[in-house]
Structures are given as structure tokens and as C-alpha cells.
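Peer 1: Using this note's numbering, you'd call the opening residue of the sequence shown number 1284 and step up by one each time.
In case anyone wonders, no lab produced these hints; they're calculated from the structure. Using N, Cα and C, we set each Cβ at its ideal position, and we do this for glycine too. Treat the hints with caution; some may be incorrect.
To be verified - Computed spacing ranges between beta-carbons, pair by pair:
no., residue 1, residue 2, range
1, L1377, R1295, 49 to 55 Å
2, A1372, N1306, 42 to 48 Å
3, R1378, E1291, 44 to 50 Å
4, V1365, H1391, 34 to 40 Å
5, A1376, V1286, 33 to 39 Å
6, C1379, E1310, 30 to 36 Å
Stated by the list, open to error - Straight-line C-alpha distance at most 20 Å; calculated SDA-like pairs for lysine to any residue:
no., residue 1, residue 2
7, K1309, C1343
8, K1309, C1389
9, K1309, M1289
10, K1309, A1292
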Amino acid sequence: MTVLDMIEAERRRCKHGGRYWMNSSKEVAAVGAPWELALGYVELTISTTCACGVFSFSVCLDDTYDFDPKWLKTHRFPQGEVYTTLVWATQNALRCGWRPYQITGCYHGAECTF
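All chains, please: the whole structure from these sequences, using the hints.
Peer 2: Listed below in C-alpha cells is the structure:
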């Protein structure tokens, strides 16, 4: 199930589920192409609200982008683990100067009520 599918399911629940007032918050570990080989996952926080039958949502990302080998202890594909380990080893051996950085941000959306 994708993030968009999750948001759509909550929207339907707001409109047709008899839940006139509701709040929901979920933490989701997700990854999509082309990053599934190099990144283990990113964590998204999905918050949804149904107030008076009007649906709104926010999706927030707070993650560190880095090459961090997990030595086959995550759901990362073995091929992705090899690539990540090679980049990590090259970075450390050659002192390429690459630095991890933090990615933080939110996207907010609401259903139009015309």
C-alpha cells in the first residue's frame, strides 16, 4: 500500500465511514524508486483529520540522507547493500568529502468543499 493509498483510505473513511470527527497519525517506513537499492528506508508521518466531514492531511519527512551500511540487517535488497557498502568504503578511503544531511519537511493537503 502506497502513501497515497493510505491517505485515500482515510479520506473515504471520513466521507463514508460515519466518522464525522476523527484524528489519525501513522508512522510509515517507505521507499520508492530509484532509492530502494541505496537507501534502507525513510520514515514518513501521515496525519489525517476529519472535522465536520471535511478531510485534511499532512505528510512529514524527517530523515538523514547518508550512506549507512546495515550489514544485511534491514529489508534493503542484498544488491542495494553491496552498492551502499561500496560507496561508504570509497567515501571513507578516498576522503571524498561527502557529508550526510538532514531532510525535513511537510506537505499539507485538504479536500475542496465547493
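Peer 1: If a hint holds in the structure, say so; if it doesn't, say that too.
Peer 2: A quick look at each hint next to the structure:
no.	hint	in the structure
1	L1377 to R1295: 49 to 55 Å	holds, 52 Å
2	A1372 to N1306: 42 to 48 Å	holds, 46 Å
3	R1378 to E1291: 44 to 50 Å	holds, 47 Å
4	V1365 to H1391: 34 to 40 Å	holds, 38 Å
5	A1376 to V1286: 33 to 39 Å	holds, 37 Å
6	C1379 to E1310: 30 to 36 Å	holds, 33 Å
7	K1309 to C1343	holds, 11 Å
8	K1309 to C1389	holds, 14 Å
9	K1309 to M1289	holds, 10 Å
10	K1309 to A1292	holds, 13 Å
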